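**Student:** Next come the chains, spelled out residue by residue.
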Amino acid sequence: MANDLSTDKPAVDKKVSLLEAVNLAMHRAMSEDENVAVLGEDVGVNGGVFRATQGLRDTFGFKRVIDSPLAETMLGGLVIGMAAQGLKPVVEIQFMGFIYAAMEHLVSHAARMRNRTRGRLSCPMVMRSPMGAGIRAPEHHSESTEAMFAHVPGLRVVIPSSPARAYGLLLAAIDDPDPVIFLEPTRLYRMNPQTLVDDGKRLPLDTCFTLREGSDITLISWGASVHETLQAANALAEHGVSAEVIDVACVKPLDLDTLEASVRKTGRCVIVHEAPRSGGLGGEIAASLYERALLDLQAPIQRVTAPDIPPPLYRLEQLYIPSVEDILHACDTALNYA
Amino acid sequence: MKYFKLPDLGEGLQEAEIVEWHVKAGDTVKADQLVVSVETAKAIVDIPAPYDGVVAKVYGGDGDILHVGEPLMAFEGEGDAGTVVGRLEGGGSSQDDQFFVGAAPSTREHLSARATPAVRQLARQLGVDLNALSGSGSDGLITRADVENASQAERDKFGGEKLRGVRRSMALNMAKSHAEVVPVTIFGDADLHRWGAARDPLIRIGKAMAAACRVEPVLNSWFDGKSLSIKHHEKLDLGIAVDTPDGLFVPVLRDVGNRHAADLKEGLNCLRADVKARSIPPKEMMGATITLSNFGTLFGRYANPIVVLPQVAIIGAGGIRQEPVAMDGQVVIHPILPLSLTFDHRAVTGGEAARFFKALVEELEKPEST
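Going line by line, the protein sequences match chains A and B. Under my numbering, the first residue of the first sequence carries the number 1, and numbering increases by one thereafter. Under my numbering, the first residue of the second sequence carries the number 1, and numbering increases by one thereafter.
Hints were generated in silico from the structure; no laboratory data involved. Quick caveat: nothing in here was measured; it's all calculated off a predicted structure. Among the hints, a few may not be true.
[Said to hold, decoys possible] Okay, derived cross-link-like pairs now, SDA-like style, lysine to any residue, Cα gap no bigger than 25 Å in a straight line:
1) B/LYS366 <-> B/LYS162
2) A/LYS15 <-> B/ASP96
3) B/LYS157 <-> B/LEU130
4) B/LYS176 <-> B/ASP96
5) B/LYS57 <-> A/PHE62
6) A/LYS63 <-> B/GLY61
7) B/LYS5 <-> A/LEU39
8) B/LYS283 <-> B/GLN330
9) A/LYS63 <-> A/GLU34
10) B/LYS5 <-> A/PRO69
11) B/LYS57 <-> A/ARG28
12) B/LYS30 <-> B/ALA56
13) B/LYS162 <-> B/PRO282
14) B/LYS57 <-> A/SER31
15) A/LYS15 <-> B/TYR3
16) B/LYS5 <-> A/GLY61
[To be verified] From the structure, some residues in chain A lie toward chain B, with a derived Cβ separation under 10 Å:
17) LEU211
18) TYR314
19) ARG315
[Stated by the list, open to error] The following label-pair restraints were derived from C-beta to C-beta distances:
20) A/GLU238 <-> B/ARG164: 29 to 35 Å
21) B/GLN152 <-> A/GLU325: 50 to 56 Å
22) A/TYR337 <-> B/SER136: 26 to 32 Å
23) B/LEU126 <-> A/LEU294: 20 to 26 Å
24) A/ASN115 <-> B/ILE65: 42 to 48 Å
Where a beta carbon is used, it is the ideal one built from N, C-alpha and C, also for glycine.
Let's have the full structure, built from the sequences with the hints guiding it.
**Tutor:** Spelled out as structure tokens, the structure:
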């Protein structure tokens, strides 16, 4: 088979989308470490439902890039076995709505492998899946259920919101000796391409990323909502309000130190996420900030989230996704509270 | 790129070996043009191009085995974008993605004061800036003692003696009035040549003020700036500023308009004695409706006395002096009483004040009643 991967890879000086960054990271990881294997439905010949794995099979062969049957339960079990035997499987689930079939394996085995074997085994697997609404797809292709995974001790949950963070975090996730749920905001797959250097540099998995420095209010978000949150920060700047924007990115474990420090600086906080409100991570973050920074808060922490319903069909999608206006309204409440 | 995959060659054959490529990357091909020859278990098959295009890449070299459905060659151009459902939008903002790993530099530098609400309240009362303190509590928490120490240190830095009692209330009340009242002062003189020899003007000024209040009752009012409300008084309760070594006392002489001069004089002497002995009950210093400052007995001519809230007017009486005045075309020497009226222009108009002042002077210039 032809093994020249340079023609299938975006050049380093070109603008790269989040989707291409994911693809680049997998190319990089597979060429650096022969134990890395990619598997999933249509990931090989077809290059993945969104073409995230395009070119991998040509480059690394069918033994390392494996087209699986349509059976997520089996995929969940398979990657745990591969990981336990020293491989580093990266499994793609086509849509987040299909991930639940693998839940039993994730919760009962992958997450507990290290604990259950008293540290003798670990589970260095990555489960990749697109997440979120906004691409005119049905509800089981549009959900944001990251909190379900964040609730499980032993799983890392990582959600990049830019090409650079997708690249650096996916490489770090593949390196990590424990299971990582890597959720890619589908709505951002092709938006806002950025120049990216394919240098193999990892980003830390245990930290937030401060996207915009500010002094009046802290806007906390992750995933696709980072896009609207940054727009809201721009709108606030036009009114002379200096907003700090933090992409949580690693939603489990949470980098509460960074969030606390920022909120102690600004005294005001709005949390934005596309997941439904009840049991969403916004509540977890708000509770932690109240525990740590109550005496520095100037206003109650505001949450901007989707309502407690499944994602609607696409005509109503824009009402479901937190909008810039929703965020600005919450900022208004926080800024004018007292 | 668009991919042309190894087609089903019939007869259930699943793989083929490449015999020879007839095109290479970069070639332009036409539909149905021969691109590759492959050998199956049955025969050598020539595979034509499916459509016009430019070859971007060929997969596999001579002798390689390909399976049905695997990419055979790639054409340049926009390929299949994937996604069987949904639509991925491109573009978006052209904002550069720049970020700090972890906290922003200003967040790291920022060390805001941490204190409980009660300590914050104490700091506000004592005028202590919490951000200037470093807390001695756990994790930099500012304690009550930290605030008290800072406040003490601030006082020690200035030194001096702490104001107490009457001087303290004077400082507070005067500052409050100065901050709130909109003062206007009118000056004028009363010619006292019709008076007899005995000249204790205080009671007469008081009686004259009562007469002037009948002309312009608004001067005898209390005003509340917060609710913008005014309260008129029937009786004149005159606050009389009394100078003492301990500070300014203002005892109140009640119902000046309706009492006889002798009665008033006796009351006044009583108040003065009480002030001097520091035995005046607090209620005797409350409820004045206008104040009179008779500073002229010490020195001075005109003044801008401070209106004491909630009153709206204060009269300043200067020292009586012999002055040449023009009378019937002649220069004569008369005793002249210089007067100042300061009023709160929020509650009283200039016209009301001037009419009040005119009535006051006319009353004073009458002969002494017996």
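**Student:** Now tell me, hint by hint, if it's right for this structure.
**Tutor:** Hint by hint, here is what the structure shows:
{"no.": "1", "hint": "B/LYS366 <-> B/LYS162", "verdict": "violated (48 Å)"}
{"no.": "2", "hint": "A/LYS15 <-> B/ASP96", "verdict": "holds (11 Å)"}
{"no.": "3", "hint": "B/LYS157 <-> B/LEU130", "verdict": "holds (18 Å)"}
{"no.": "4", "hint": "B/LYS176 <-> B/ASP96", "verdict": "violated (55 Å)"}
{"no.": "5", "hint": "B/LYS57 <-> A/PHE62", "verdict": "holds (19 Å)"}
{"no.": "6", "hint": "A/LYS63 <-> B/GLY61", "verdict": "holds (19 Å)"}
{"no.": "7", "hint": "B/LYS5 <-> A/LEU39", "verdict": "holds (21 Å)"}
{"no.": "8", "hint": "B/LYS283 <-> B/GLN330", "verdict": "violated (51 Å)"}
{"no.": "9", "hint": "A/LYS63 <-> A/GLU34", "verdict": "holds (11 Å)"}
{"no.": "10", "hint": "B/LYS5 <-> A/PRO69", "verdict": "holds (20 Å)"}
{"no.": "11", "hint": "B/LYS57 <-> A/ARG28", "verdict": "holds (21 Å)"}
{"no.": "12", "hint": "B/LYS30 <-> B/ALA56", "verdict": "holds (14 Å)"}
{"no.": "13", "hint": "B/LYS162 <-> B/PRO282", "verdict": "holds (22 Å)"}
{"no.": "14", "hint": "B/LYS57 <-> A/SER31", "verdict": "holds (21 Å)"}
{"no.": "15", "hint": "A/LYS15 <-> B/TYR3", "verdict": "holds (23 Å)"}
{"no.": "16", "hint": "B/LYS5 <-> A/GLY61", "verdict": "holds (16 Å)"}
{"no.": "17", "hint": "LEU211", "verdict": "holds (5 Å)"}
{"no.": "18", "hint": "TYR314", "verdict": "holds (9 Å)"}
{"no.": "19", "hint": "ARG315", "verdict": "violated (13 Å)"}
{"no.": "20", "hint": "A/GLU238 <-> B/ARG164: 29 to 35 Å", "verdict": "violated (54 Å)"}
{"no.": "21", "hint": "B/GLN152 <-> A/GLU325: 50 to 56 Å", "verdict": "holds (52 Å)"}
{"no.": "22", "hint": "A/TYR337 <-> B/SER136: 26 to 32 Å", "verdict": "holds (30 Å)"}
{"no.": "23", "hint": "B/LEU126 <-> A/LEU294: 20 to 26 Å", "verdict": "holds (23 Å)"}
{"no.": "24", "hint": "A/ASN115 <-> B/ILE65: 42 to 48 Å", "verdict": "holds (46 Å)"}
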